[in-house]
Each structure stands twice: as C-alpha cells, then as structure tokens.
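Asks: Those protein sequence lines, which keep their order, are chains Y and E. Counting from 31, one number per residue, gives the positions in the first sequence under the numbering used here. Counting from 57, one number per residue, gives the positions in the second sequence under the numbering used here.
FYI, nobody ran anything at the bench for these hints, they're computed from the structure. Be a bit skeptical, because a hint or two may be false.
[Said to hold, decoys possible] Here are some chain E residues the structure puts well away from chain Y; computed CB gaps all over 10 Å:
| no. | residue |
| --- | --- |
| 1 | 89 |
| 2 | 93 |
| 3 | 96 |
| 4 | 100 |
[What the hints assert, rightly or not] FRET-style restraints, in silico, Cβ to Cβ:
| no. | chain 1 | residue 1 | chain 2 | residue 2 | range |
| --- | --- | --- | --- | --- | --- |
| 5 | Y | 195 | E | 97 | 23 to 29 Å |
| 6 | E | 108 | Y | 47 | 39 to 45 Å |
| 7 | E | 110 | Y | 206 | 56 to 62 Å |
| 8 | E | 113 | Y | 159 | 33 to 39 Å |
| 9 | E | 99 | Y | 31 | 54 to 60 Å |
| 10 | Y | 31 | E | 113 | 43 to 49 Å |
As the structure is a computational prediction, the values presented were derived from the model and not from experiment. The beta-carbon is built from N, C-alpha and C at its ideal position, and this holds for glycine as well.
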Amino acid sequence: MPYLLAFIAALVALYVLVWLTVAAVMWFLIPAMLIVLPIGLLAGVFWGCTVPLLTLTGLRGWQPRTITAQDVKQGTSNLPKLRQDSPFGRDPAWPSYLVAQSRVDLREMWHRTLRTLGVGWDKCRKFGDQRDNLVGRAVLVIVLCPTWLMVSVGALGATAMILLLCLSALLVVMTGWLLVTGLLRGGDYLVRRLRRASGSCQSCYYVSSLPAFPCARCGEMHRDIRPGLLGAVWRRCICDALLPTTVLRAAFQLQTSCPNCLELLRAGAAVHRDVRLPVFGPVSAGKTRLVYAGLLALRDQAAAAGASVDFADEQSKRAFEHGVEIISTGSDTAKTPAGQLPTAITAQVTVARRKALLHLFDAAGEFYIDRGDNSELLFLDHAQGLVFVVDPFSIPWVQDQLGGRGQVMLARANAAVDDPEQVYHVTAGRLRDYGVQTSNQRLAIAVVKADLLVDLPPAQDLRPDRVREWLQEAGLDNLVLAAERDFAEVRYFVVASVHSARAGSPMSPANPFAWLMARAGLQLLPGEPDPTKQTEEAA
Amino acid sequence: MTTPGPRHPTISYLVHRGVLIGIVLTITLSTGFLVLSAAADLQLWVISAIQAARDEWTSWNWSLW
Numbered sequence: 031m032p033y034l035l036a037f038i039a040a041l042v043a044l045y046v047l048v049w050l051t052v053a054a055v056m057w058f059l060i061p062a063m064l065i066v067l068p069i070g071l072l073a074g075v076f077w078g079c080t081v082p083l084l085t086l087t088g089l090r091g092w093q094p095r096t097i098t099a100q101d102v103k104q105g106t107s108n109l110p111k112l113r114q115d116s117p118f119g120r121d122p123a124w125p126s127y128l129v130a131q132s133r134v135d136l137r138e139m140w141h142r143t144l145r146t147l148g149v150g151w152d153k154c155r156k157f158g159d160q161r162d163n164l165v166g167r168a169v170l171v172i173v174l175c176p177t178w179l180m181v182s183v184g185a186l187g188a189t190a191m192i193l194l195l196c197l198s199a200l201l202v203v204m205t206g207w208l209l210v211t212g213l214l215r216g217g218d219y220l221v222r223r224l225r226r227a228s229g230s231c232q233s234c235y236y237v238s239s240l241p242a243f244p245c246a247r248c249g250e251m252h253r254d255i256r257p258g259l260l261g262a263v264w265r266r267c268i269c270d271a272l273l274p275t276t277v278l279r280a281a282f283q284l285q286t287s288c289p290n291c292l293e294l295l296r297a298g299a300a301v302h303r304d305v306r307l308p309v310f311g312p313v314s315a316g317k318t319r320l321v322y323a324g325l326l327a328l329r330d331q332a333a334a335a336g337a338s339v340d341f342a343d344e345q346s347k348r349a350f351e352h353g354v355e356i357i358s359t360g361s362d363t364a365k366t367p368a369g370q371l372p373t374a375i376t377a378q379v380t381v382a383r384r385k386a387l388l389h390l391f392d393a394a395g396e397f398y399i400d401r402g403d404n405s406e407l408l409f410l411d412h413a414q415g416l417v418f419v420v421d422p423f424s425i426p427w428v429q430d431q432l433g434g435r436g437q438v439m440l441a442r443a444n445a446a447v448d449d450p451e452q453v454y455h456v457t458a459g460r461l462r463d464y465g466v467q468t469s470n471q472r473l474a475i476a477v478v479k480a481d482l483l484v485d486l487p488p489a490q491d492l493r494p495d496r497v498r499e500w501l502q503e504a505g506l507d508n509l510v511l512a513a514e515r516d517f518a519e520v521r522y523f524v525v526a527s528v529h530s531a532r533a534g535s536p537m538s539p540a541n542p543f544a545w546l547m548a549r550a551g552l553q554l555l556p557g558e559p560d561p562t563k564q565t566e567e568a569a
Numbered sequence: 057m058t059t060p061g062p063r064h065p066t067i068s069y070l071v072h073r074g075v076l077i078g079i080v081l082t083i084t085l086s087t088g089f090l091v092l093s094a095a096a097d098l099q100l101w102v103i104s105a106i107q108a109a110r111d112e113w114t115s116w117n118w119s120l121w
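Given the sequences, and given the hints that come with them, work out the whole structure.
Replies: Right under this line is the structure:
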C-alpha cells in the first residue's frame, strides 16, 4: 500500500513538473524568444552595417592596413606578379585603390565582422564552462546560443550584402578605370609606334622604346611609366609627387633616362623618331670631318628648305660648334682618341611639324681594325644605316697614279694607312656575329677628300654617278661585291668635307646622311639629293 | 636609398573609401527606414504569435482523469 501511494504521489509530482515546464515554455520562453530573436536579428543587421562603417572610417583603430608605395617597391602590396621577371620590380609609386587597397578594405570588413562575432561566441563558451550544471547548460542552449546565432546571421547577412554592393560599385568604377587606362596606354603606344619613336642612349648605346623617368622631386626611378596598376592618368610617387603616366606626357614634363645605365637621354628621346647612323672607316680616313661637314651641310640644307637642324643638348652643341669652326677655317681635324667610346652627336631635325632625333656615332678608326676591339661598339647593332668612309689616298692604285706628287699629296691629305677592305670586313663580320641582319640594312659608301683629289689624274673618272665603277677600277671591286652582297642597298657617294661644298651639291657631305635618313623615314627635303640626277643636270 | 615617403592614405584612397562609406550609409539608413516602417506590423506579428502559443497551451487538455 505505501508503495502504491508513493507511486501515485510521484506520478502527480511528475505531472505538476511537466505542467509547470510546458506552462513556462508556452507562457514565458516562447513569447520571450519571439521578442528576443527578431531583436537579435535586427541588432546583428545593425552591427553588420556598423562594422564596415567603422572599418572604412578608421574609427576605434579599425582602419585596414594601408598599401603604400613602399609596399609596392618591397613587393608586399598584393599586386599581381610582373609578367617578365624584372630585376627592378615595380616602380616606387602608390597603387591604384581599385587594384590593391580595395581588396584589403573589403577583406578587412568581412574579417572584422567575423572577429567581433567570434568574441560573442567565445563569451558563450566561457559562460557554459563556468556554469557547468543543468540550469547553466539550459540557459546556454535555450537562450544564449539562439540569440547570438540570430545576431550572427543578421550581422553576416548585412555585411555580405554590403560587400556585394560595394564590390558591384567597385566593378563599375573599375570598368571605367580599365577603359581610361586602356585608351591612354593604347594611344600612347600607337602614337610612338607610328612615329617609330625610341630612346637611344648616347653613352651606353642601349635602345629602348620605354625609357626610365626619374621623379622630379626625389629622383626615384620610374621604369615603366605607362598607365597601369600604379595609376591610369597620374601616378603618385613614393615621395608624394604627382607624375604623368604616358611616355609622351612624361617626356615633356620629366627628364628621360636610359633604363640600362640611367644616363639622362636627349630631350625628345622615345617621343620622336630616332635615327642612328654610325660612321666607320680606317684611322685618318676623314670620318670626324665628314660628320662635322655633314652636319653643317645638313643644317644649311634644312634651313634652305624651311626645316631646321638644332642641337638641344650642350654636348652636341659644343661638338657642332667646334666642327663648324674647323670646317669654316679649313683647319685640321684633331685625331679622335683611340680606345675611347664615342658619345653620339645628336641633332633634332624638324621638318614641318614632324621632329626626329639624328644620332651620329663616330668612333676612332682603331676600333675597326681588329675584330677583338669592336665588341663594345653596340651602336652598330641598332643602326638604321651605316656610312663607310673610304679615303681614296689610302688606295694603292691612287697612290701609283699620283706618281711624283704622291708623297706630297699623301702628306697633305693625311692619308689613312689601313686597308679599307679589311676595315669593312672586320665591321661586317662583327655585325653578323652579333646577329644584325645586314641584309635589311643600308650602307652609304662615301669616298671622301674629293676636294683634294678632284684635279688629280686618279680622279679623272671619279664622278658622283660613277663612284662604284671608279672603286672597281681602283681595285676595290671585292669591297663593292662584298658590300652589295651583305647589305640590302648600297649607295656610293663622293664627298668633299669642306665648307665650299654647298648643301645640295653632288659632292655635299650631307648626301650620305640625307640618303640614309630618307631611307629611315626621315625625309629632310621633298626629294632627297640624288647624285646621279644632279650630275646629269650639271652636265 | 628609398625615401620612406608618406604612409597616410592618398586622396584617391580617401575618395574611393568615401564612395564605399556612402554605399554603406545608404544601406544602413535604408534598412533602418524599412525596419521602422515595418515596426508596427512586426509588433503585431509578435503579439499574435505569442497569443497563438498561449491559446495553443490553453486548448490542451491537462486532465489526468
């Protein structure tokens, strides 16, 4: 009987307990959760909006890491790797917000939201650890976890929505940015390509279509100034100076440097057409004099035609003035120092509205005698044409023809000693060894010192239109054959490197240069002087 | 030797961030406006739900016999 009573009492107690529990759930817990959970969700949404705001404004010290120009230089900027392995890396400039900082900002917004929610979950876990009993677990499982879950869902949903919209806005802006960058970059490339512009270094002879630009304020070198990840229209240097992006604009506002040796290039390098013409020949053949007289005649010829030949840099200007003095006074040309690599004389040629840079390279004749000595003459590799200077007084046939007056004339002409054919073969061999396609190049063979030779017996048949035949007659037929075999086009000139050989005349020292310039796309005059035609007219 | 240079965000950074702040503010204010507009309905829904729960409890037969 007592067992029965105890069983009934236990049953009633269980009934009351269940009743109370269900009543508590239905009357208090569910209504409370119906109020708390939506509020938690809304609070989460509010938090999901607040965290990105605080991150972007930098309040509470939540500002994301700033990607600076220093990061770009050190390679810690998250920018894509350079396609070509450049030993210099990226230029020291601030990256565009769209390609580096935006990713950091968006990532920071998301991670900051996750971190703050993680703090809440940590606190829930600690609450459960501290109150390791039934009530504690019930509160954790029934109240805290669902509430914080709703906060998390709201916050993550809101942040995800914000990130999605921010990303969409950035994509729209990036489309415009890409369009501007592409147009500027393409336009810059196209104009320079049409102009056949390139920058050649007057010192190390390196030729590049993309020169380096030192910042006007801090001097930091910008090796790829083109529109791109570091700026579409402008770029900000590491020193905070604002620099233009295209090569065409940068060349007008900044100094231009050789990307190889960092020497300052001539004004207009990589913007205007670049014509490089080396003059080679034996020692004392008259190369330097031909360059001086040629430039003087070119200037006069250009002036007569309404064009101009100027010297923008001080070095070339001094060299030209020195040359003018020598040619005008008829004084002897000083021997070009042997073993010293030449610095190009650069002239800026302006025809109508078109400009071009003409670089003349005049190395000492010693370089061309031995194959081992001319490996440093890199300007030969990038030339659009070459001028080979032949001293007629060095030809044995001419010396024989001079007879008794030979020694006097040879001394007066300061005749070259070395064989022109040997010099030609050494130079042509060098070009081939360095992979230069001579079959695409042009060669002007200039028989110089015509002013001294013209009244002498060997020059009886030497006329501007018969230089080739005269050379063959003089025993240089092998030279003629080899030159015409090696080069795409060979033109022969007879030249008097004196002031009296007026510009445009058949013996003008400008003729070899003018012909090669015209072949390189720089037509100085409407019709370049053709010695053959002019001789016929003169006759 | 590279000059360290300024480390504060450039004007371009600030302008772009300004645009993003504008977007976030717009979303926040729009959400706030929507919530406030729907507050009365939400309150009604919560009250109805609570009442439904209690009615359900009342409708249950708790008799032991």
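Asks: It remains to establish, for every hint, whether it holds in the given structure.
Replies: Going through the hints against the structure:
no.: 1; hint: 89; in the structure: holds, 12 Å
no.: 2; hint: 93; in the structure: holds, 13 Å
no.: 3; hint: 96; in the structure: holds, 14 Å
no.: 4; hint: 100; in the structure: holds, 12 Å
no.: 5; hint: 195(Y) - 97(E): 23 to 29 Å; in the structure: holds, 26 Å
no.: 6; hint: 108(E) - 47(Y): 39 to 45 Å; in the structure: violated, 25 Å
no.: 7; hint: 110(E) - 206(Y): 56 to 62 Å; in the structure: holds, 59 Å
no.: 8; hint: 113(E) - 159(Y): 33 to 39 Å; in the structure: holds, 34 Å
no.: 9; hint: 99(E) - 31(Y): 54 to 60 Å; in the structure: holds, 57 Å
no.: 10; hint: 31(Y) - 113(E): 43 to 49 Å; in the structure: violated, 36 Å
Checked against the numbered hints given earlier, the structure breaks hints 6, 10 and satisfies all the rest.
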